[in-house]
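Chains as they are written, first to last, in the numbering used here: chain Y, 1 to 467; chain X, 1 to 467.
A portion of the hints provided could be inaccurate.
One copy or two, either will do: identical chains are not told apart, so a pair holds if it fits within one copy or between any two.
What the hints assert, rightly or not - Derived pair list, reagent style DSBU-like, types lysine-lysine, alpha-carbon separation capped at 30 angstroms:
(1) 126 with 456
(2) 186 with 409
(3) 409 with 126
(4) 409 with 220
(5) 72 with 220
(6) 186 with 456
(7) 344 with 456
(8) 365 with 324
(9) 456 with 396
(10) 274 with 324
(11) 456 with 295
(12) 396 with 72
(13) 220 with 396
(14) 220 with 295
(15) 271 with 186
(16) 274 with 456
(17) 271 with 41
(18) 295 with 365
(19) 271 with 72
(20) 456 with 409
Everything labelled a hint here was simulated from the structure, so no lab data went into it.
Number of protein chains: 2
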Amino acid sequence: MTAIATTRPRAALTEEARAELTALLGERFSTSGPVRDHHGKDESYHAAFPPDGVAFAQTTEEVSAIVTICAKHDLPIIPFGTGTSLEGGIAAVSGGITIDLSGMNAILRVSPEDLDVTVQAGVTRKRLNEHLRDTGLFFPIDPGADASLGGMTATRASGTNAVRYGTMRENVLGLTVVLADGRIIKTGGRARKSAAGYDLTRLFVGSEGTLGIVTEVTLKLYGIPEAVSSAVCAFNDIHGAVNTVIQTIQTGIPIARIELLDEVQMDAVNKYSKLDYAVAPTLFFEFHGTEAGVKEQAEMAAAIALEHGGVEFAWATRAEDRSKLWQARHDGYYAALALRPGSKGWPTDVCVPISRLADCILETKKDLAESNMLAPMVGHVGDGNFHLVYVIDPDKPEEMAEAQRLNDKMVARALAMGGTCTGEHGIGYGKMAFLEQEAGDAYAVMGEIKLALDPKNIMNPGKVVRV
Amino acid sequence: MTAIATTRPRAALTEEARAELTALLGERFSTSGPVRDHHGKDESYHAAFPPDGVAFAQTTEEVSAIVTICAKHDLPIIPFGTGTSLEGGIAAVSGGITIDLSGMNAILRVSPEDLDVTVQAGVTRKRLNEHLRDTGLFFPIDPGADASLGGMTATRASGTNAVRYGTMRENVLGLTVVLADGRIIKTGGRARKSAAGYDLTRLFVGSEGTLGIVTEVTLKLYGIPEAVSSAVCAFNDIHGAVNTVIQTIQTGIPIARIELLDEVQMDAVNKYSKLDYAVAPTLFFEFHGTEAGVKEQAEMAAAIALEHGGVEFAWATRAEDRSKLWQARHDGYYAALALRPGSKGWPTDVCVPISRLADCILETKKDLAESNMLAPMVGHVGDGNFHLVYVIDPDKPEEMAEAQRLNDKMVARALAMGGTCTGEHGIGYGKMAFLEQEAGDAYAVMGEIKLALDPKNIMNPGKVVRV
Chain Y
1 MTAIATTRPR
11 AALTEEARAE
21 LTALLGERFS
31 TSGPVRDHHG
41 KDESYHAAFP
51 PDGVAFAQTT
61 EEVSAIVTIC
71 AKHDLPIIPF
81 GTGTSLEGGI
91 AAVSGGITID
101 LSGMNAILRV
111 SPEDLDVTVQ
121 AGVTRKRLNE
131 HLRDTGLFFP
141 IDPGADASLG
151 GMTATRASGT
161 NAVRYGTMRE
171 NVLGLTVVLA
181 DGRIIKTGGR
191 ARKSAAGYDL
201 TRLFVGSEGT
211 LGIVTEVTLK
221 LYGIPEAVSS
231 AVCAFNDIHG
241 AVNTVIQTIQ
251 TGIPIARIEL
261 LDEVQMDAVN
271 KYSKLDYAVA
281 PTLFFEFHGT
291 EAGVKEQAEM
301 AAAIALEHGG
311 VEFAWATRAE
321 DRSKLWQARH
331 DGYYAALALR
341 PGSKGWPTDV
351 CVPISRLADC
361 ILETKKDLAE
371 SNMLAPMVGH
381 VGDGNFHLVY
391 VIDPDKPEEM
401 AEAQRLNDKM
411 VARALAMGGT
421 CTGEHGIGYG
431 KMAFLEQEAG
441 DAYAVMGEIK
451 LALDPKNIMN
461 PGKVVRV
Chain X
1 MTAIATTRPR
11 AALTEEARAE
21 LTALLGERFS
31 TSGPVRDHHG
41 KDESYHAAFP
51 PDGVAFAQTT
61 EEVSAIVTIC
71 AKHDLPIIPF
81 GTGTSLEGGI
91 AAVSGGITID
101 LSGMNAILRV
111 SPEDLDVTVQ
121 AGVTRKRLNE
131 HLRDTGLFFP
141 IDPGADASLG
151 GMTATRASGT
161 NAVRYGTMRE
171 NVLGLTVVLA
181 DGRIIKTGGR
191 ARKSAAGYDL
201 TRLFVGSEGT
211 LGIVTEVTLK
221 LYGIPEAVSS
231 AVCAFNDIHG
241 AVNTVIQTIQ
251 TGIPIARIEL
261 LDEVQMDAVN
271 KYSKLDYAVA
281 PTLFFEFHGT
291 EAGVKEQAEM
301 AAAIALEHGG
311 VEFAWATRAE
321 DRSKLWQARH
331 DGYYAALALR
341 PGSKGWPTDV
351 CVPISRLADC
361 ILETKKDLAE
371 SNMLAPMVGH
381 VGDGNFHLVY
391 VIDPDKPEEM
401 AEAQRLNDKM
411 VARALAMGGT
421 CTGEHGIGYG
431 KMAFLEQEAG
441 DAYAVMGEIK
451 LALDPKNIMN
461 PGKVVRV
């Protein structure tokens with residue numbers, strides 16, 4: 001694991017700061033042990049670092065007031081949405097105050113005619129889609145977890161639909177952000193494109209709370225497609241599955257989802273979700289479009305799959321069958337952990353140019369086979385992105401060390417192939433060393449920007465960049 | 001026009017600096033009058049500001065060496081691609097050295113299997129597409145001018161295809177950038193998505209040379225569609241044309257191009273390109289996809305147009321007819337100027353949420369009618385983006401003042417409607433006051449980032465942000 005030693009020294013919550021936060025928030029400022037513990041640990045294997053206190057904010061102005069108090073007392077500030085980050089992004093590694101944004105859950109505006117929406121940061125993606133149900137619109141970005149849209153913005157989330165609809169990078173139009181000195185700014189806007197000045201929106205998307213706290217997000221929406229069709233296809237070998245993906249993308253089929261699950265993951269899914277899929281490398285497909293368009297896309301993709309050793313194309317055109325299929329996919333993480341009761345998951349992801357995807361996956365699987373590490377693989381392979389979950393007992397140092405060794409090797413491989421150390425999980429405190437390696441001389445520039453916007457290093461310190 | 005007074009004082013090219021640049025570049029450093037004049041004026045009405053010298057760079061390392069010399073001597077540095085900017089972006093408002101990147105015109109790598117390419121900054125979009133011709137791939141971003149890809153990156157260019165393929169923001173995967181102190185960094189990479197650290201790529205895209213000089217660009221490519229079809233449709237009134245656009249976008253038809261030309265522009269186009277289109281508000285459409293997909297899209301769009309007073313749908317399915325159609329559209333600027341021999345053009349653009357597009361266009365045209373200003377209108381209306389060209393005699397102060405008044409009013413209207421002061425032309429020195437108005441408190445943040453990366457304010461000073 002990445003050493004935490006280089007982050008700022010642990011801050012102390014003084015009586016004065018506590019009194020000011022309590023005066024501002026009353027019972028919405030908490031220093032109780034269970035509340036702090038809940039906010040110090042994300043869904044990953046990373047060690048917990050509870051904050052010294054948790055502030056439950058309800059408005060942007062309140063976030064600004066909290067930040068102002070923290071800045072005055074030199075207290076770190078960690079934003080928290082749903083706690084579903086995977087690289088320790090919410091851990092209070094230097095202590096300080098967590099700002100819980102889950103109470104900021106208002107959907108401020110929906111404009112069906114403009115296909116956009118503005119939400120407070122604490123709104124989750126599922127709640128947004130429930131709210132939109134009667135409009136014929138939806139928000140496609142789906143990282144699996146029912147994360148908050150503020151958190152998804154902060155980590156530049158993507159997920160299964162990104163191959164067609166893009167990631168948070170492409171789908172955030174504008175933001176309201178509270179800066180390290182309490183200033184409130186609005187970035188971007190509602191125009192679909194703009195050449196007006198620096199792209200601050202994209203700078204904050206993916207900055208993981210280290211440059212400012214996102215309190216409101218304006219997002220693109222999409223019409224629910226007239227027709228949707230999903231299918232599952234098992235392959236003789238993983239090479240055939242990956243080559244199907246590559247050819248599908250290269251052919252320009254506007255596929256909505258194309259997910260790879262290896263034979264280990266399929267075994268886990270079958271057991272966990274009580275299904276009887278073949279225990280073989282498998283692709284999950286989804287097509288969106290008009291009735292005729294979906295039919296055409298599906299026929300083209302099926303033809304490619306059959307050329308590459310696809311053994312069966314099982315269709316799910318009814319909504320409930322599709323839900324079942326994708327629920328099984330989304331439960332992949334829990335299914336993986338269920339393979340070994342009492343274990344924890346060390347989830348990781350890389351992303352490479354698609355021409356290198358087969359090599360990257362095959363070499364990684366060879367390492368896993370040689371190590372006997374249990375690590376199911378799933379991938380948003382249309383983007384060149386795949387995930388492993390090392391299923392480990394974190395109390396066994398030798399297992400942690402082996403997972404680290406395998407992870408180091410996989411990331412190094414992805415970087416050597418022109419890829420990135422994380423396609424969508426983010427850096428947090430878990431991948432800082434990899435980011436430094438990947439960014440090279442640009443890493444220092446990230447630090448210069450961090451210091452320009454947060455000279456006291458109080459915004460989620462010890463994450464993403466070292467300063 | 002924006003006052004230039006707030007920019008840094010004019011620098012002097014000392015003998016020492018001249019000697020160092022000459023030692024580095026030999027004859028590729030020029031202080032001749034015609035060369036300087038050529039590099040001080042873009043395609044707009046903005047006043048010319050020739051630099052003190054022009055450095056013709058051939059490599060990234062050479063750009064770094066030039067920047068290092070300029071930094072030592074406190075000389076402004078202005079990057080230059082093809083000089084087709086429209087807001088004075090290349091003007092040497094504080095003197096200094098222009099770095100002409102047109103000699104950096106190598107296509108460094110094409111990866112058909114990954115649908116990406118890396119080029120030096122001086123490669124123009126047309127040359128890239130000629131180079132790609134045999135690969136079945138193309139680069140879609142098309143701002144009209146045959147601009148350099150470095151310049152298009154710097155101004156966040158877009159154009160007619162953006163409604164389907166996005167702008168430079170969505171299509172740049174990675175950059176090589178020379179910073180103000182001569183450091184060379186690489187941003188982004190070849191992975192289709194990444195959650196690794198700050199999005200420096202998007203920060204440099206659209207920064208107009210004020211944060212660094214882009215020397216290499218990695219771009220997404222697309223397969224040339226199996227089928228392409230274009231059509232022209234005249235409308236009874238502009239309201240019907242705009243509502244056709246709005247409904248086409250809201251319906252989710254993946255249209256490749258949807259361009260509005262008002263009756264003034266159609267008259268200009270007919271005269272300039274010797275065509276006989278109806279002199280009426282007109283939409284130019286283009287559809288990309290499979291044969292069946294294009295047919296389906298076109299039928300849907302035609303049905304929408306006919307509902308909204310479209311009077312005729314004239315198809316161009318042959319490549320040469322399509323070329324003629326789009327050449328006429330692209331010649332719109334020159335056609336506008338030809339309406340009044342000896343005139344100059346003051347091109348401007350705004351972009352609004354699409355639900356406000358009809359109001360914004362109609363109110364703007366009302367102002368024009370009341371003023372008797374000749375100003376043809378064209379628009380990338382699928383994005384909510386439209387352009388005017390005020391056809392003026394820049395030697396007549398009353399015409400300049402009237403254009404300024406109309407422009408101020410149009411931009412204010414666009415901002416009040418939730419839009420942006422420029423959809424694609426950029427800020428340069430022409431729209432700095434508008435950017436300040438649009439960005440509000442975020443404007444100061446742009447200045448903080450500028451100072452962090454360019455503390456001496458030598459990178460294209462007097463553009464985009466005031467420091």
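These are the hints, each one checked on the structure:
| no. | hint | in the structure |
| --- | --- | --- |
| 1 | 126 with 456 | neither (36 angstroms within a copy, 48 angstroms between copies) |
| 2 | 186 with 409 | between (41 angstroms within a copy, 23 angstroms between copies) |
| 3 | 409 with 126 | neither (36 angstroms within a copy, 41 angstroms between copies) |
| 4 | 409 with 220 | between (37 angstroms within a copy, 28 angstroms between copies) |
| 5 | 72 with 220 | neither (37 angstroms within a copy, 46 angstroms between copies) |
| 6 | 186 with 456 | both (22 angstroms within a copy, 27 angstroms between copies) |
| 7 | 344 with 456 | neither (35 angstroms within a copy, 51 angstroms between copies) |
| 8 | 365 with 324 | within (28 angstroms within a copy, 54 angstroms between copies) |
| 9 | 456 with 396 | neither (38 angstroms within a copy, 53 angstroms between copies) |
| 10 | 274 with 324 | within (11 angstroms within a copy, 60 angstroms between copies) |
| 11 | 456 with 295 | neither (57 angstroms within a copy, 59 angstroms between copies) |
| 12 | 396 with 72 | neither (42 angstroms within a copy, 56 angstroms between copies) |
| 13 | 220 with 396 | neither (45 angstroms within a copy, 44 angstroms between copies) |
| 14 | 220 with 295 | both (26 angstroms within a copy, 27 angstroms between copies) |
| 15 | 271 with 186 | neither (48 angstroms within a copy, 45 angstroms between copies) |
| 16 | 274 with 456 | neither (52 angstroms within a copy, 65 angstroms between copies) |
| 17 | 271 with 41 | within (28 angstroms within a copy, 69 angstroms between copies) |
| 18 | 295 with 365 | neither (34 angstroms within a copy, 45 angstroms between copies) |
| 19 | 271 with 72 | neither (53 angstroms within a copy, 67 angstroms between copies) |
| 20 | 456 with 409 | neither (35 angstroms within a copy, 42 angstroms between copies) |
In summary, the numbered hints that this structure violates are 1, 3, 5, 7, 9, 11, 12, 13, 15, 16, 18, 19, 20.
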